[in-house]
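Engineer: Produce the entire structure from the sequences given, and follow the hints as far as they go.
Chain by chain, the residues:
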Amino acid sequence: MMKNTKKDTFRKTDDKLLNDYRKKIEELSRVNEALKMEIVNLKQIEERLKRAEKIGKIGNWEFDVAANSISWSDQVYELFGRDPKLGPPTVEEEASYYTAEVLNRLRNYAQNVLETGKPVREYEFPIILNNGENRFFRGSMFPTTDKKGNVIKLYGTFQDITVVKSAKEESRLREESLSFAQRLAHIGIYERNFANNEVKWSDEFYNILGYKQGETIPSREAFLERVHPDERSIMEKSILKLNSDFKPFSLEHRIVMQDGTVKYCHSVGTVNLNDENKPVTLLGFIQDISEMKKIETETLNLRSEMARMDRVITVGNMASAIAHEINQPLTSIVSNSQAALRLLNKNTPDLDEVREALADITDAGKRSGGIIRSVRTMVKKDEFQKEPYNINSVIREVVELVQSETIIQNTSLTLKLDQQFPVLIGDSIQIHQVVLNLVKNALDAVQEQPKNKRHITIATSVIPKEGVKVTVADTGPGVKQKNIKNIFSAFYSTKPKGMGLGLSVCQSIIENHGGRMWVESTPEGGAKFSFLLPIKKDND
Amino acid sequence: MNTEKKGTIFLVDDDPLVRKAVGRLLKSAGYDTEIFSSAHEFLESEHHTDEPACLVLDLKMPGLTGFDLQEELSAARYSMPIVFITGHGDVPSSVKAMKKGAVDFLPKPFEEKDLFNAISAALMKDTEQKSALIEQEKIQQNLNLLTQREHEIMNLVITGMLNKEIAYHLNISEKTVKIHRGRVMNKMGVSSVAELTRIAEKAGVKPIDIKKNQNNQ
Chain A
1 MMKNTKKDTF RKTDDKLLND YRKKIEELSR VNEALKMEIV NLKQIEERLK
51 RAEKIGKIGN WEFDVAANSI SWSDQVYELF GRDPKLGPPT VEEEASYYTA
101 EVLNRLRNYA QNVLETGKPV REYEFPIILN NGENRFFRGS MFPTTDKKGN
151 VIKLYGTFQD ITVVKSAKEE SRLREESLSF AQRLAHIGIY ERNFANNEVK
201 WSDEFYNILG YKQGETIPSR EAFLERVHPD ERSIMEKSIL KLNSDFKPFS
251 LEHRIVMQDG TVKYCHSVGT VNLNDENKPV TLLGFIQDIS EMKKIETETL
301 NLRSEMARMD RVITVGNMAS AIAHEINQPL TSIVSNSQAA LRLLNKNTPD
351 LDEVREALAD ITDAGKRSGG IIRSVRTMVK KDEFQKEPYN INSVIREVVE
401 LVQSETIIQN TSLTLKLDQQ FPVLIGDSIQ IHQVVLNLVK NALDAVQEQP
451 KNKRHITIAT SVIPKEGVKV TVADTGPGVK QKNIKNIFSA FYSTKPKGMG
501 LGLSVCQSII ENHGGRMWVE STPEGGAKFS FLLPIKKDND
Chain B
1001 MNTEKKGTIF LVDDDPLVRK AVGRLLKSAG YDTEIFSSAH EFLESEHHTD
1051 EPACLVLDLK MPGLTGFDLQ EELSAARYSM PIVFITGHGD VPSSVKAMKK
1101 GAVDFLPKPF EEKDLFNAIS AALMKDTEQK SALIEQEKIQ QNLNLLTQRE
1151 HEIMNLVITG MLNKEIAYHL NISEKTVKIH RGRVMNKMGV SSVAELTRIA
1201 EKAGVKPIDI KKNQNNQ
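In order, the protein sequence lines correspond to chains A and B.
1 is the number of the first residue of the first sequence in my numbering; add one for each residue after it.
1001 is the number of the first residue of the second sequence in my numbering; add one for each residue after it.
No lab work stands behind these hints: they were computed from the structure.
Where a beta carbon is used, it is the ideal one built from N, C-alpha and C, also for glycine.
A couple of the hints might just be wrong.
Per the computed footprint, the stretches of chain B lying under chain A, defined by three or more beta-carbons under 8 Å from a beta-carbon of chain A, are [what the hints assert, rightly or not]:
1. 1011 to 1017
2. 1107 to 1114
3. 1130 to 1137
Restraint-style ranges between C-beta atoms, simulated for each label pair [claimed, not checked]:
4. Q1141/B to Q447/A: 41 to 49 Å
5. E1135/B to D444/A: 42 to 50 Å
6. E1041/B to K480/A: 21 to 29 Å
7. E448/A to T1147/B: 53 to 61 Å
8. K366/A to A1121/B: 29 to 37 Å
Structural biologist: Given below as structure tokens:
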């Protein structure tokens, strides 16, 4: 029985054991399954990690503090361009990838992690590959501690960010140089997105308009507010047209700053269209051309001042010549008036003679006036009356004035005046001077000819689109080729008594009127002086 | 006074306004006036007159200038006194004109009294000049009456030589010298050696340089 019992007991125990064992095996096999699964998972994760490392160019590394040894993942080898067969580098070998400065920085990080146990999550540093290539890495550094909290290992990642870095660097440089260029060229950019109507201004755009970033919200209205009132409506119209028809515009305009300062600007507006001809962005460029304008104006002023000085100097040089010219009529006035007094004091005054003397005094007075006017024209800046006048009337006046002289000098004077005549705008007295001067020159010229060969022709004609041409032709000896170049220069004269003022004054008068003057030879060898005066259009 | 003949003024100026005015003034003051528009025209004209005359001349003219005319006129034995009028009253021109014998140099415009003063001076100069010329002509006529010998003796007398010296020099007798000398004085209408010397000088007869003469012999 006992035996049985024992046997039973054993059996019972055995069964229990067996049961337990079975359970254990089942559990183990479950664990094993789980482990298998885990391993598969891990493998998958590792694969994924490797792939990720490869794609992201990320590798991980480990450093055993006690052993002073480095271990690298496959990707790190690739990143460093190191043959995996060589195995991980020694600490010294790794140092050779860095410059002294970088090595120092990395060692400081490591020292820091070792001492504090805190990781360095992100840092960037350049490395130099063995083939001399430069790379830029992003790294991280974490500690592994033992139970006592001592750091026994360091691990972390390396990521190659060379491409990102250079792209970033490039765009930073590009932005910098663009903004520099904008500042330098005083060009501001206005950008409006058609999709959301968002308006952006570049820094220089703010600068030019004198707005502060953050204070003023970029808008068309804010821009227009600064545009000079005189040009605001055309600017507004141009912008509207740009928005509706996408028609680009280019305007020179002024802007008025808060403090009233006026700037000269050149604004250009365009619209970028997509492939379907739909507007994407509106681009506006504004350039501050005040400086350019200033220089331009200064140059112009300088040039006109120089021309004026030139004339002043010439006039200064010609003081005696002018005095001579004036002294002639003055002599006539003084002598005539003294003669008239003598005549009147006689017992039987010859009143006709007195009358003639007085008439001569009037003539001489007029002549002095003419000379003074001419001189004033030379000295004064280009100021003259701008009134409508009829050129034919002016010519007739001149002819009347020289009539007696032409008769005395046996010279015939022919008029060929175009009767369909547009009204000219200018100073008729000055034009009168010019015609008189030319006719007098012609009179002088023909004196060298026999009496039957002394002819002067004055003609006017309209030249379509150009203006009105006036010519004074004579049958004199003509202008010698060598004199043609200088004939209009001040103080140049071929006449023994000429002060060389007449033609130069004439030319400056005509030029002040926007015309030009020239000399040619007639087929008969005489001289033909012409000037062309532009006809003013209504919209000029 | 106005109707009194004062002299003839030849006015040359190329500017018609000036010609007319100055001409009118001169006429109103009683001068005979002849007007020309150029130096050339004046030269071609018959402008000789026994009356006192002068030239009122513009300096700057086309063709012949006032200076050119002055030059031209001074080459002749008789030269009409000139009053220059000019719009260029510059110093160098006036100095040049005066050096060449102009009576005056008037810058335009001038006062009538200045013109008339200058003209009076010029006419006076002309009167003197003309009488001097007449005298000179008379002397010349007398000189023409002298014989070869008498000429010879006169030339020696005016050097201050004594009869004795002249006789020795010409290898003739002193008596002969005396006779010739008397005839010379007579023909020339003078009564003293001093007078003879003055007249000879006016006629342009120069005393003979005896030494030079001797050497030549």
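Engineer: A separate judgement is required for each hint: does it hold in the structure or not?
Structural biologist: Against the structure, the hints:
no.: 1; hint: 1011 to 1017; verdict: holds (count 4)
no.: 2; hint: 1107 to 1114; verdict: holds (count 6)
no.: 3; hint: 1130 to 1137; verdict: violated (count 0)
no.: 4; hint: Q1141/B to Q447/A: 41 to 49 Å; verdict: holds (47 Å)
no.: 5; hint: E1135/B to D444/A: 42 to 50 Å; verdict: holds (47 Å)
no.: 6; hint: E1041/B to K480/A: 21 to 29 Å; verdict: holds (26 Å)
no.: 7; hint: E448/A to T1147/B: 53 to 61 Å; verdict: holds (58 Å)
no.: 8; hint: K366/A to A1121/B: 29 to 37 Å; verdict: holds (35 Å)
Hint 3 from the list above is the single one not met by this structure.
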